[in-house]
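J.: This is what each chain is made of:
Protein chains: 2
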Amino acid sequence: MMNIELEKAQSIISQYIKPILASEEIPLLECSGRILSDTLYAPICQPPFDRSPLDGYAIKAEDTKGASIETPVELQVIHEVCAGNYYEGDLHNGQAIRIMTGAPMPKGANTVIRQEDTNEGNETVLVYKQLKPYMNYCYKGEDVQQGDILIEKNTLLTSAHIGLLASMGYTHINVKLQPKIGLLSTGDELIEPGQSLTQGKIYNSNLYTIATALKELNCQPIIIGSTGDDVELTSRLIKENIDKVDVFITTGGVSVGKKDILHDVIKKIEAKRLFWRVKLKPGTPILSSIYKDKLLLSLSGNPSAALITFHLFLPNILSKLTEYEGYENNICEGVLQNDFNKKSITRRFVRAYYEEGKVYIGAKHSSGVLSSMIGCNCLIDIEAECEGYSEGNTVKVVRLY
Amino acid sequence: MMNIELEKAQSIISQYIKPILASEEIPLLECSGRILSDTLYAPICQPPFDRSPLDGYAIKAEDTKGASIETPVELQVIHEVCAGNYYEGDLHNGQAIRIMTGAPMPKGANTVIRQEDTNEGNETVLVYKQLKPYMNYCYKGEDVQQGDILIEKNTLLTSAHIGLLASMGYTHINVKLQPKIGLLSTGDELIEPGQSLTQGKIYNSNLYTIATALKELNCQPIIIGSTGDDVELTSRLIKENIDKVDVFITTGGVSVGKKDILHDVIKKIEAKRLFWRVKLKPGTPILSSIYKDKLLLSLSGNPSAALITFHLFLPNILSKLTEYEGYENNICEGVLQNDFNKKSITRRFVRAYYEEGKVYIGAKHSSGVLSSMIGCNCLIDIEAECEGYSEGNTVKVVRLY
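Protein sequence lines correspond, in order, to chains D and U. So in this note's numbering, the last one in the first sequence is 871, and the numbering has no gaps at all. So in this note's numbering, the last one in the second sequence is 871, and the numbering has no gaps at all.
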């Protein structure tokens, strides 16, 4: 297929991506950003016992009837219980047990009077306030009941999940293997950063941008290298490394020029071409093929075009790989805060900044402009044949991660 | 000071935090999430030379006057130049040079006719379209001029910055040392995850939650351990480790109960108390002190209270430590989508979800509820003496990272 719509291209790719089934058990402290492989259930109640929510005296509420500062009730203090220990006996009418925040409620007690509402006595205590049963009382399992679903599988784990799992006694968790994405750049014009720039050459930035963007998406980039315009070398490196990755991304060599070698490469390795050229700018000549059941996604070598098409395609690919739906492209509308006068025959994606329903376009739109990606958090989706937009127009945006 | 406002507490702490001055040079691929120590300038222009934005023929625009499909202009093809190499000679009238995307413009050429607008000839080429000078022409330095500021110091680096720096030839970058935050939990009620739970005990989750939240904020958590209610041990571990960290956080032992040992600990180590108790819930009894010129921030041991006060205090602390302003608490307004009927005498922060100006409150508000932190991305700031809110009310929110 050739010259297809973005959504068609995304949907074709989706059909060929298989979810990652393999998982690994890793320490809880390393789980942030990883995807949970199996639904986890609560092995215990949280809290594990009825407990006091404050520092005071565990009592029977009925003993406080009519209590006030003027008419305090006197109770006998029979014990003291701190968080971490407990009282084995029963509390009877007329008795109080000194209790600290988090300590288990003694049997027979149905409320806690805070120490500020008493004379803080040791042998006996004067209670200055009337309480209802189960006021100031924290129930066993009021947060989580044993057997409850704690976290559904395919959830992206954050510090809040990790705290919850620690509170349940977990130390290690099964998470899916991180998506491994092979990266290879082509183009004789590329010089690696650190070397000196010679005439007609530019520094290879695509490997760096995409590798780092992949890390930010909790993937594992596997940098294979840079192969110039060498069909043999490019083919060999794809062949040798395809088994180590879930998806293989290349940059450069996909247009119609003489040195656009990816067309020859996919013939040589006998990959199955899915499509070439998508109706969007920048990055039109994106080439997608399947090699040994893996997706080979070949992006334009132009740095901005590579990055924009990366942002348009990778989220849905990662969503399929990980089964975490939160990766999917987040599409919404926003109100443009600038004029945008550039006419476009082709559908075009323009870098912008989205905040609170407002969309701000930066100054530079050349597809060669890497610096304009800085500070961007969305792409405006400008439809084909658009004559431009004015401030106040509602535009469609794709939010970036 | 005691019983102070949150903003007062934040401002007191700010006065005592010194920016991290030390930096380290690390590989560009590891810079995502780190803070740049020095402003970086462009060592070269980007692009480094005038170049072709497409595949076609470099020509003089004046030679295309009147050209159309019916009346093509024929030019002599004198050379071919691909991206990565260059043509040394000059282009004259009546001549064309086959040129590929990214290749340097030959001297004398002022435009590129795309190959689709020609017969793609080899010896001579028929041009079907009239062009203006400098159409289809990419200028040296049109993205970045040599000497321009590339990235200001104190910027948090993302993949877009890293791509830009790679395109400028950088391989290693000076970034500030990550903030090192010591973590210690107190409380005899705590059992470490993985051990079996005995009567009256709960699992220690605070170290896990806070350590992971710190990692998500690009800090380096240094877990010192869990010290029960042992004043000696707690004091010794703070003393022994204070020099290794920028800020020391403890949890537990800050309330008014008998086992609230942090008050004794700070006396024993002769730390200077800044304040105790902040007018907010949950987490009122936050205790802040200075020990050996470092901030010792002692949070409530209640897991939700610890996490909420962590989120209220850490961003401003990190902003001071790193000089990156993006860390500062992001406060805005939103429209409540649920009723909130809980009356509150004290100012209260309630976990919620913010999206597009709308604020959604979850179901659970007990301060013991760790699971309610999941999926939250903001705290609603409910003022003291509030009688509750109704759907549609505008509320103040603190957005979380």
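Calculated from the structure, these hints are not laboratory results. Please read all numbers here as calculations on a predicted model, not as lab measurements. There could be a bad hint or two in this list.
Because identical chains share one entry, a pair is satisfied inside a single copy or across any pair of copies.
[Unchecked claim] Once the Cα atoms are required to be at most 30 Å apart in a straight line, the calculated DSSO-like pairs of lysine-lysine come out as:
no. : residue 1 : residue 2
1   : K685      : K714
2   : K623      : K599
3   : K828      : K866
4   : K623      : K828
J.: All the hints need checking, so say for each whether the structure fits it.
T.: Each hint tested on the structure:
1. Proximity of K685 to K714 under the C-alpha cut-off of 30 Å is found in both arrangements, the shortest distances being 17 Å within a copy and 28 Å between copies.
2. Taking the closest pair of Cα atoms, K623 and K599 never come within 30 Å of each other, the shortest separation being 48 Å inside a single copy and 59 Å across copies.
3. In this homomeric assembly, K828 and K866 come within 30 Å of each other (Cα to Cα) both inside a single copy, at 11 Å, and across copies, at 20 Å.
4. Proximity of K623 to K828 under the C-alpha cut-off of 30 Å is restricted to the inter-copy arrangement: shortest distance 28 Å between copies versus 34 Å within a copy.
Hint check: a violation occurs at hint 2 only; the rest are consistent with the structure.
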